[in-house]
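Novice: Dock chains B and C against chain A, hints included.
Residue numbers (the working numbering), protein chains in the order written: chain A, 7 to 216; chain B, 30 to 260; chain C, 175 to 1063.
What you were told as hints is all true, and nothing was included just to trick you.
Derived coverage of chain B by chain A (criterion: at least 3 residues anywhere in the stretch with Cβ under 8 Å from a Cβ of chain A; other residues may be distant):
no., region
1, 50 to 56
2, 136 to 147
3, 241 to 250
Quick caveat, the hints were computed from the structure, so don't treat them as lab data. Please read all numbers here as calculations on a predicted model, not as lab measurements. The beta-carbon is built from N, C-alpha and C at its ideal position, and this holds for glycine as well.
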Amino acid sequence: MKRRFSILSSIYVIIAGATGIIILLGFFFNLESWHLQGLQTILLDWAIVVAAFAFLLGAVNVVRVNVMRVRQRKGALYSLVTLAAMLLTLTLGLLDGPQSLALQWTFKWVLVPLQATLFSLMAFFVVVAAWRVFRLRNLASVLLLLVAALVLISQVPLNFPWAEDLAAFKNWILAVPAMAGSRGIILGVTLGIVTTGLRLLLGIDRPYSE
Amino acid sequence: MEALLAPFLTESLGLLVAFVLTLLVFSYLLGDNPLFRLAQALFVGVGIGYGIIVVFHYVLMRRLSLLSANWLLTVPPLLLGLLLWAKLWPAWSKVGNVSVAFILGAGAALAIGGALFGTLVPQVRATVLSLDPADYPATPDSNPALDAGIIVLGTLCTLLSFHFRTPAPGQRVGPGAALIHFAGRLGRYFIMISFGALFANMVMSRISLLLGRIDFLLDAADTLLTWLGLG
Amino acid sequence: MIYCPKCGTANLEDSKFCTQCGTALEPETGRRCPMCGALNPPGNVFCDECQARLVPVVARPTGPLEMPAPFKGLSLPTKPLEEPEAEAPAPQPEVPEPTPEPEPAPAPVERELAEDEEPDWLINLRAKYGRGPVEAEMEAEPAWLRELHEPPVEEAEQEAPDWLSELRRRAEEEALAPEEEVAEEEEVPPIAGVTEAVMEREEEEGEEAPPEWLRAIREEVPPEEVAPGVEAEEAVAEEEELPDWIRELSQEAVEEAEEEVAPLAEEEEATLPDWLAAVVPPAEEEEAVLEAEEVSPPAPPAPEVEEKAEEEEKITAEAGEPPDWLQRIAPPEEVPAAEVPPAEEAEAPEWLRTITSAAAEPPPPETEREAPSWLQEISAAGEVPVFEEAEPAAVEEEEAMPSWLQELAPTAEEGPPAVEELLGEEAEEGAIPSWLQEIKDMEPPPLEEPAALVEAPAPPEEAVEEEELEEVPPFTVGVEKLIETPPVPEEAVEAGVEGVVEEELAPPEVEGLAKATIPAWLMALRPAEAEKEPAAPGVEEEAVPVAMETTGLLAGIPGVLPAEPIIGVPHVPRPPAEVTVPGELALEAKLLGEVVAEQRPAGVVLPRERAQRLARQVGRFLLYLALITAVLLPYFFSTGLFDESVPPAPETEDFYRAIENLEPDAVVLVAFDYDPSLAGEMNLQAEALVHHLMRRGLKVMTLSMYPGGQALAEQVLLSAAGLYEYQAGTDYINLGYLPNHPASLRAFAGMNPLVGFSYEGTPVQETLLGQRISSLSDFALIVELAADQQTLRWWVEQVGSQYPNLPLVAGISAGLDPYVRPYYETPGRRQLKGLLVGLPGAAQYEGLTGRVGRALDNLESQGLAHLTIVAAIVVSNVVYFASRFRKGK
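If we strip away everything but chain A, and leave its shape as in the complex, we get (with noise of 0.2 Å):
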């Protein structure tokens, strides 16, 4: 991909190489000696309330993705719904502060049912997945429902004078193969995220500016 060059783009490039070089040199040095914590952390705060206006971007974002539904009347109740219900919790939670009654029983009351539940609708859906995806294959899948089922069966300990061994398996299991599974796993993913990091700080990869 040819990049013509553009002084703009250097610029981004510069902004978001010191901001990191800044803030990763904390991590190896002592930034104290170079007086250079203080400026970290005002670029720590900075970053902070520019995340903070990114997730507003995202909840305008959805309002203007309602406001369009309603506009074509696609789902059109279902989007007022959302809307209105944004705007009265917005009306309360302004006038009289997060710390107002009204806000605190939205939250209990409405809130967190309704997330609650949606979530534990998960646990029927799972059901549904055990039995229709789960179906022994190969060795790979064999071993994945075996390790499945043990842990399963061993998590919540069983009466029976052999579940305490089981147990034990089950833990031994959790602590050494699994464990070393997700752990070249972490690893890999770490390892691609300092790649990733390095490619944005230097300037390879400039996801910012299209």
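Specialist: For chains B and C alone, kept in the frame of chain A given last:
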């Protein structure tokens, strides 16, 4: 506003509302239906609204008031944040690139530093285990040296499994490559084991969530029936 | 001049493929991988770095298309079609499971065109022209024409073998008497191989380079068509090389996979760290929204993933294995994209998936070719079989509909989806046989190009030929040599040049053949400008120089081929002519389209399908019911299945001990990093923890990186504080919300003094407790209650690495366990000093602390639910294997 609403927003009403909403969501089990979608839409609205409030209040208001001692510190992040909002309009999208660059740079640095010092080094160090039984205190039930060997083997093979591809039929494979492929296949089995554990635990987690809701439903039903005099 | 390593043919310096046998020529310096750019030694078939395929898969040079019947603008070789039977199956590396039609794969009969061999067709022609009357050896109408008669699509598969077998037999036959009549059946492939034959012939004649017209053609199959083909091949290679265990994984993990493996998969790709993704689009609420919306079509993914898995397997199985008859036509490498769409479109309906795979396959040779497209196709099929792959990338879905259908039945508007579905069903067979494509691409007059073949052999007699040579276009330069050579004795015909099929060197037999005529319906379809031409076929030929085809089936059509060389003039594609479709034809075509599409109107459900769907729904409800029963049972009576004493796991013990070992009055930081979605699980741990802390008199500070978490923290704190008479500000403080970003953690970790506000808004430094804490190191312990692996990692990485002496323990949602374990299992200096895993962990913890909380209450329900799920898995496998066993019987 608060004073206006306070008398209505009682715990009892809240219980009722929560009960109804929970049932609405559970109605999905009978099939997708408008009630469920209603509840879902409500959740999205309230959730986002609540999130906005919290972020706005806790982050912007408080943090900026902390920084406001020095306007030089307050203005740039605000500016960057507002510039970020330019992304909403495609025509102005480029304006937000500065903010994105800044936050990505910060994030990348944090990710790299954290990954290096928080994960890579300690985890690799933890994998460098002695395979000599003499280095471990004798335990009756376990074989620490063997465990260590399995851990080392498993970690290495798993890592190798990410970096090998099945040779195409007919392609010559040298002995080194063959060894790596074998190790990769072995690593795949380790990954299978960890996925099995993952699945089981996932199931466990979701069931716990369901239990929580059923607990609530039963309690609420009990209370409501009591109020209605039927309990 | 590069010499082909395989057949020794001399090729131009820049050639990438041998013009004779099609093998890839490699520059001395090695080739560069088009995928990763790595330089590979010349001999490599696969890139050393990225395993991409460097050498395009060459269509088996043994296919009938490569039959090198000498291309000289001759009429199609003819031969009586005898038994359309199968022959010895040729070596077909990618032959799939037996296709329904017979498999008369022609063996690669390679014959050396010896110097003195005269192809029978040539003899024929000579005889014909010497004879005079055209009927003498009127070729039968070409197979492609014949095939237009019958419903081509279904029967193509049967037809193909016929003419293929035909070719085989013909290849075996030797010099036929010139008097032999041509066969009724005509084959297209001879044309295909013609170029090869010509080339090879000319090589043998000692010519240094192919006739310039042909070279021009080849070069017009520009390298860029090779490259995309190569790339497409490599894309195929890449796709095929996707470790199948990963594919299997994607099949096996359902919506749990959506939730869990998806984040995992994201991490595996590590394209954008989560926090990056969190920035653009933003934080939890949005994710919660997305998750909520993921929840709503949850059941569909479950069955769909399975269907998708099956679809994938089906497509995969057929990916490299189009039916052999098609293989002979088009390169077998057919599915660069076929695998990708199934993998990517998780919820695309099946028909859509097959469409995309179909769209990837049929390569309509573009009419912008500078040479007659069919000719290019042939030459391409022969030598650059890959170029057809250049098309799949460009083909749109709409083009997937066979153009002949499009053209013939413009009124069939429901055609497109119908045909696409047809294509979808036949995707694996490569929907549009190239011979159909040829028809589509035939410029008006549609029969122009074959006439090019016919043009050359005008000189019937040897003597006459030589005289007329000057008038004959240069591409017929070699013809004289061909014509002069006497027939080749049978024994001399052996597998000569490797990789070149010489099947069609023998001229066709000409016995007892009907005169070939253009069917009336085809004539009727001729574009408007062609209608002026006299329609009578078989009309006595006139002098050739008049641009009227006089011989062969195209007789009587003027303006077929200009006398001048067609090569020098860039072929400007004429816009497709108006074709007036006779009424019956249009109707027939429409009917064909409908029949073939078999698209079921929406809403009409076949009984069997309905039954299946019903069965599935009932099954689902039964499973729900089973789960609910298992969960509710302990409310009514105790099953006694479970051990109430809950022996703790080692990690739970460590967690407990970490708190027990604290000095009284120490300050503990508890991070409530979960939101209401996982509160059902995490609150159990939180309550047990807070009670334990308060009972021990430890001071508690809480915060949360989730907007909902800080409210939950407040609830838990309030409910416990009353019990232990804890005072806010003195004994506990809720620090509120910490933005969900590693920067905030790092800033928080570096904060000195600890600034901020409590949940209620009091500045922390004004509280008694707050004054005790100036920096993070003043905490005795940090407890992270994590619902998300990411936040836990942030704590470990940002805080743990900065304060290695600060003990960190975690309570996690069970779903995090395998991926958080490595942080716990670090012997020596543990990154996590203790771990609580899910509800069982909370129950164990409660057992240790001696307080019976909700975790222990719910333990039995949890255990029963577990057993239910294990039972479901076991039963489903039993049922599955039983049914398979029964079917196998």
